[in-house]
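Start from chain A and add chain B according to the hints.
So the chains spell out like this:
Number of protein chains: 2
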Amino acid sequence: MSLKVALIGAGTIGTAWAVVFARAGCTVRVWDGDAGALERFPARVAAVFEALEGSAIAGLPGGASRITTHAALADAVGDVDWVQEQVKEDLAIKQEVLPRVEAAMRADAILATSTSGLSQAALASVLARPERFIVVHPLTPPFLLPVTEVVTHPGTSEATLAEAYRVMEAVGQKPIRVHGEISGFAMNRIQAAMLNEMVALVRDGVISPEDADTTLTHGFGLRWAVIGPFAGVDLNALGGIRQYMELFGYILNDVAKDRGAAKALTPAAVDKLEAGLRAQLPLTELPARQKRRDRAIAALRGHLEKAGRP
Amino acid sequence: MSLKVALIGAGTIGTAWAVVFARAGCTVRVWDGDAGALERFPARVAAVFEALEGSAIAGLPGGASRITTHAALADAVGDVDWVQEQVKEDLAIKQEVLPRVEAAMRADAILATSTSGLSQAALASVLARPERFIVVHPLTPPFLLPVTEVVTHPGTSEATLAEAYRVMEAVGQKPIRVHGEISGFAMNRIQAAMLNEMVALVRDGVISPEDADTTLTHGFGLRWAVIGPFAGVDLNALGGIRQYMELFGYILNDVAKDRGAAKALTPAAVDKLEAGLRAQLPLTELPARQKRRDRAIAALRGHLEKAGRP
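Residue numbers (the UniProt record's numbering), protein chains in the order written: chain A, 1 to 310; chain B, 1 to 310.
Hints are computed from structural coordinates only; laboratory data are not their basis.
Every residue, glycine too, gets a C-beta built ideally from N, C-alpha and C.
Just so you know, not all the hints are guaranteed correct.
Unchecked claim - Taking lysine-lysine and the DSBU-like style, the derived pairs with C-alpha atoms no more than 35 Å apart in a straight line are:
hint, chain 1, residue 1, chain 2, residue 2
1, A, 291, A, 272
2, B, 263, B, 174
3, B, 4, A, 174
4, A, 306, B, 174
Stated by the list, open to error - Facing chain A, according to a computed beta carbon distance under 7 Å, are these residues of chain B, among others:
hint, residue
5, 88
6, 196
7, 260
The following block holds chain A by itself, in its conformation from the complex (with noise of 0.2 Å):
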């Protein structure tokens, strides 16, 4: 794709993004206030290049030639679609930041910021356009892990937002909507509620660091990298996920009560499951998807042994 785009902080975050833009064809120009973190990007990005060549996802050739640093902020930023800003994670310095870079951008560009957290109504409320900022957060490194959450503030356009979404898949990430404010967003609390269950697991002695994590090396994660949680269990019962809310539903209230948390499984919260899941996909083909997963994951099973673990 022949976006161009402009990085804010030459960071970790702003290697892998400049990797994920220039390898679907982009061009990137990457701004930092730190004349060493400029300094020592290309080569970061070489580094990972160099990593993912020859493996599916290295992307177009080239793609470290379509990326340039730049010491004025007016230089990366002035005549770019897209600029993505991933300064350090502190309220006041993105506050600081921000209206600097929109200040200096095309009117009609998009301003995003891969914040983790931060309270995107009050990154919008220092904007001049504040209908052209949208929260594009990746996950950790974004060449490798494609989901992206997407979230809006309140003065957010429908045009952004579609345009976000445009942006993300030509880019080859996997866009998912997140609405509110909310600490953590849906990707990191996601993740920070099974860890919290992990480590209360490894305090209290039920099970070692090493066991835990080979949970999801030899089991779930096995399944998750295939099918979602969610469809998952919906194969796991004939009835799908309902009646699996029914059977075993129990361990998820066990689980809230032992640690002093409201209960999450409500009947409006398995009428609204039930309702996302039959969407996707009738009750009737419910057994040939589980055969489809069950190769899927043999497939995966092959794959892992051949390739060996980290």
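The following block gives chain B in isolation, referenced to the frame of chain A:
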């Protein structure tokens, strides 16, 4: 391996265990109080073997030929080394069946239950040889997902525990050790804690069920299929898991607090995590492991792009 195994209960879990033991070369004798279940059993097993045919986990040839069904309990269990029980998940029913099974077994054979969370002490209390009794709880289905919880009760002997590890490893499973009496043991709790947060986010309109699943299929699931969550975050800060928790532990604490749960991440917990992770790999070797992880995830994405998703 030449082990002789009896399976008590010919339902879904019994079918899966039959495949696990038989593909590894074991002789498998199956009993169920329900004659219909026994009659359907060969076809169910054949369907699984057919699905695995040609895959990396098909196992030794002739698996199905090593499995026989038996209407008389004594015929099934009288001469075997290992008995694996998976009758209905109901304390009273298991307390009725297990002593009958034990009475028909050799005195030196091991009696393992597949229970996913009934009290192991309550089950052991009805047995004459509790030292030979142990919980060996698989994920579903164990022929695809090898991680298997091994849980003792206070009277389980060390020899029985060691033999459970030896047998599970010999048939290609990955045993993990769970200590104490805890609802849902460890594996199901870990999944349940994550599902609770996903359910709450869907219930509150933060994310759709489909996008919540994408967080795993195009994000964390790709990471956790190759490296566990603890080992994974250990690579996401130069100082390892201790520094990661110093920098990002607030997300774990925010999620716990939002849901009304007690804080999991105590100083003692961080000490245990660090001790566990550093025993696996010194800090100086993290950057090299990070590179191996990145290559492993890139290769995994290549595999999934070719193989497709279910």
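Do the hints match the structure? See the list:
1. Between residue 291 of chain A and residue 272 of chain A the CA atoms are separated by roughly 26 Å; this keeps the pair inside 35 Å, and the hint holds.
2. For the hint linking residue 263 of chain B to residue 174 of chain B, the alpha-carbon distance of about 30 Å falls within 35 Å, and the restraint holds.
3. Pair hint residue 4 of chain B plus residue 174 of chain A does not hold up; C-alpha atoms about 49 Å apart against a cutoff of 35 Å.
4. The suggested pairing of residue 306 of chain A with residue 174 of chain B holds, with an alpha-carbon distance near 18 Å, which does not exceed 35 Å.
5. Restraint check, residue 88 of chain B versus chain A: the minimum CB separation of about 12 Å is more than 7 Å; hint violated.
6. Below 7 Å, beta-carbon pairs count as interface contacts, and residue 196 of chain B has one with chain A at about 4 Å; its hint therefore holds.
7. Residue-level restraint check for residue 260 of chain B holds (minimum Cβ-Cβ distance to chain A is 5 Å; threshold 7 Å).
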